[in-house]
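Chains A and B, in that order, give the protein sequences. Per my numbering, numbering of the first sequence is gapless, rising by one per residue and ending at 661. Per my numbering, numbering of the second sequence is gapless, rising by one per residue and ending at 351.
Worth flagging that the hints you see were computed from the coordinates, not collected in a lab. Treat the hints with caution; some may be incorrect.
Here are the simulated DSSO-like cross-link-like pairs (lysine-lysine), alpha carbons at most 30 Å apart as the crow flies [stated by the list, open to error]:
#1 K441/A <-> K177/B
#2 K175/B <-> K521/A
#3 K266/B <-> K462/A
Partial chain A-side listing against chain B, Cβ under 8 Å, derived [stated by the list, open to error]:
#4 R285
#5 A288
#6 I289
#7 L291
#8 L296
#9 G299
#10 I300
#11 K398
#12 V400
#13 E403
#14 K408
#15 A419
#16 N431
#17 E433
#18 D534
Far from chain A by the CB rule (all over 10 Å, computed), these chain B residues [unchecked claim]:
#19 G118
#20 G147
#21 H181
#22 W201
#23 A224
#24 G330
Where is the CB? At the ideal position from N, CA and C, for every residue including glycine.
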Amino acid sequence: MSASMSRTAAIVLAIVLLVVGIAAGYGIGYATLKPVTKTVTVTSPTTVTVTVPSTSAAPAAATPAVTVTKTVTVTVTPKPPAKKWTVYFIPHAGPADPFWACQMRAAQAAAALLPEIDLKFVAPERYGIKEQIELIEAAIAKKPDFLIVTISNAEAMDPVLRKAIKAGIPVLAVNIEDYRPEEKRIPYLGYVGMDERISGEILAKAAFKRFKAITGRLPKRVVVGIHQPGLICLEMRTDGIMKVAKELGVPCDRLDITMDPTKAMEILRSYLKKHPDTEMIFTLGPCGSHPAIKLIKELGLKGKVYHACIDLSPKILDAIEEGVTLCAVSQQPAAQAFYAVFTAYLYLKYGILPPMKIPTGPTVVDKENLAIIRKQVKTTGGA
Amino acid sequence: MGLPKVKYIVYRPEIGAVVGALAVAIAFSSLTEAFLTFDNLITIMTIGAELGIVTIGVAFLMISGEFDLSVGAVFALAPLVVIALANLGIDMFIGFVIAMALSMLVGYVNATITLRAGIPSFITTLGTMFAIRGALLMLTGGFPLKYKGPVHPLMVVLGGRTPFEFRMSAIWFLIGVAILAIILELTPYGNHVFAVGSNVVVSEEMGINVRKVKMTNFILCSALAGLGGCFTLDRLKMVDPLLAMGMELEAIAAAVVGGCLLRGGYGSIIGAAIGALIISMVKCGLVLIGVQAFWYQAFIGVILVIAALINAYISKWILKRR
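Next up, chain A with everything else stripped away, as it sits in the complex (with noise of 0.2 Å):
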């Protein structure tokens, strides 16, 4: 092939891309619009006329009823599909974190119920509040009829947030809401989950309850482990926790464990190492929660160093069972999908105001309520 003619080879083949591009685009467009011809079979009864020749002495007899049968053509096409609402659920992490992949599965089994509501969970694939603020843009230019959002970032999502609610766009917070005083905070309609000034506290107390009740003392040293530092909920729920551990006197650090579960696993570690008298682990979600229960196993370490943590998993519910993880505090993110997707059908409707917060925990998972618990991961995929 001469030099020239690799050129334009290169150059052709860019051009079919580009055509075979727009074909496809218009394919999938005209397929879903394409009128249907069928075939209806009628039956009615007609009167027909039949001239019977006069050579026959007998007289004519009755006319005969003579059932017609006729085949008519017609064409017929799809009625419009009920007005879909389009719903836009835009969170600060994604799939990859066990914890939302279950927010989604719900987010989309409510959409399911809802034939009027067209949802798109949009998120993105690293924990990124730039990127999340960017997806929302680009929602935004979509102009979508309802927006459930995360708050991740108060300050930096400010400037979009009213911007959409300036443009008519509903606005629902989930999972993370807007902690500033009230002059401050973003005008939207409502917020669905838990109280995160509390949840720590709440963990805690739980977990040093229970530690005291099978050892008769409290932990002689404690550690949080969080696996995103800097999201305003985790950083709040360390601060119930340490607060908690100070009032009573046991030390606790705070320890930045990153998201991937291997480093996690090996921060850890090392910290149990430097720190051998640590007998509890807290941590503030299954990205967390994981590496810790894997490295009590892993060092033999069950009965010796105990695990207490946020959100929960179908693994976590093992440990529980098997005494690894000591009690759980639950914000059912499964229920803050459902109750954010149906707050957003209920308005768009119906009509109905949401009120300013539907909260779906803190609850105290230890192993007395597992089996409610179970079902709730079994069929969720989180608790």
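Knowing the structure of chain A, use the given hints to seat chain B on it.
For chain B alone, kept in the frame of chain A given last:
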């Protein structure tokens, strides 16, 4: 008279990028009517400008035969320095100057290690990337650093909204593209950049100071990355230490899609800018269709491979021409 002119247009390195951009735009507009709206165009330009300013720096360096993987880290470092100093009471203009100086210092370090020790720039800048990211995490403790003060004119000048809804970053981006494209195509220095990227030995023998060219390009690349980071000041008013993670690879992908050869010596700034806009269009288009964001990565991967294949043909053609 007509045919040579057509040949001139068709043989430009940007042609692949232009065709690609048209294909992506047409494909998305047929899939969703919201693609060709003014709002969407603004979003494409906002995202595209920030990626684009980094991409043209990376492309300029790539044409001279080197890579810079630390651009993402510098993109996060510069605004962090500005905000940290502003929170301490130092005026933002001064903070900006210090941030830019720091970005250029990173470029200088990258260049020195690569040129003195002879380590491939890929490795050097990978190392500096990790070092800077680690430093960012240590400095912030993992928290995003929020800017606590009032809106400063610098923020508006760099990335604020204009009355036309576009952000200033888009305008700076276009100016940057124009300046670099003119330097590359129409000045002797641009010739030197091409020469150094094609064949270092011959360039040396022809009297070009290869070291100086590469050093300048490294510094320029990092400076543009720092500048891009400062564009986000008005938009986000905070910096999280993981800002722009992965942007270095997006920038290289955009440059390749825009016609720059990985081996250096061939490419175009305008093409790289279009490449950045293609990536931005794909991001926005996928959101409008309602597809999960991980399709975006797969999509970019496919586009990149196709662009690389086309580039491979071009590469063969150039070698045959010599």
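For each hint, the structure was consulted:
Taken as a hint, the K441/A and K177/B pair is honoured in the structure, with Cα atoms around 22 Å apart against an allowance of 30 Å. Taken as a hint, the K175/B and K521/A pair is honoured in the structure, with Cα atoms around 24 Å apart against an allowance of 30 Å. As the CA atoms of K266/B and K462/A are separated by approximately 16 Å, the hinted pair is consistent with the 30 Å bound. Taking 8 Å as the C-beta contact cut-off toward chain B, the hint placing R285/A at the interface holds, the least distance being around 5 Å.
For A288/A, the interface hint holds, the least distance from its beta-carbon to any beta-carbon of chain B being 4 Å, beneath 8 Å. A distance limit of 8 Å between C-beta atoms decides the matter here; for I289/A the minimum to chain B is near 6 Å, and the interface restraint holds. The closest approach between the C-beta of L291/A and any C-beta of chain B is roughly 7 Å, which is under the 8 Å cut-off, so the hint is satisfied. The interface hint given for L296/A holds, since its Cβ lies 4 Å from the closest Cβ of chain B, which is under the 8 Å cut-off.
Taking 8 Å as the C-beta cut-off, the interface hint given for G299/A holds, the closest approach to chain B being about 4 Å. The criterion of a C-beta within 8 Å of any C-beta in chain B is met by I300/A, whose closest approach is roughly 5 Å, and the hint holds. Using the Cβ-Cβ criterion of 8 Å, the hint placing K398/A at the interface with chain B is satisfied: the shortest such distance is roughly 3 Å. A distance limit of 8 Å between C-beta atoms decides the matter here; for V400/A the minimum to chain B is near 5 Å, and the interface restraint holds.
Contact between E403/A and chain B, as hinted, is supported at the beta carbon level, the nearest pair being about 5 Å apart and thus within 8 Å. For K408/A, the interface hint holds, the least distance from its beta-carbon to any beta-carbon of chain B being 6 Å, beneath 8 Å. Look at A419/A: its Cβ gets to within about 4 Å of chain B, closer than 8 Å, so that hint holds up. Interface hint at N431/A: satisfied, since its Cβ lies 7 Å from the closest Cβ of chain B, which is below the 8 Å cut-off.
Against a cut-off of 8 Å between C-beta atoms, the interface hint on E433/A holds, since the closest Cβ of chain B lies about 6 Å away. With 8 Å as the threshold, the beta carbon of D534/A comes within range of chain B, its nearest partner Cβ sitting at about 4 Å, so the hint holds. The Cβ of G118/B sits about 20 Å from the closest Cβ of chain A, beyond the 10 Å cut-off, so the non-interface label holds. No Cβ of chain A comes within 10 Å of the Cβ of G147/B; the nearest lies about 32 Å off, and the non-interface call holds.
Its beta-carbon lying about 15 Å from the closest one in chain A, H181/B satisfies the requirement of being farther than 10 Å from that chain. Annotated as non-interface, W201/B keeps its C-beta farther than 10 Å from every C-beta of chain A; the closest such distance is 18 Å. The beta carbon of A224/B is kept farther than 10 Å from every beta carbon of chain A, the shortest such distance being approximately 22 Å. Every CB of chain A lies more than 10 Å from the CB of G330/B, the least distance being 13 Å, so the non-interface label holds.
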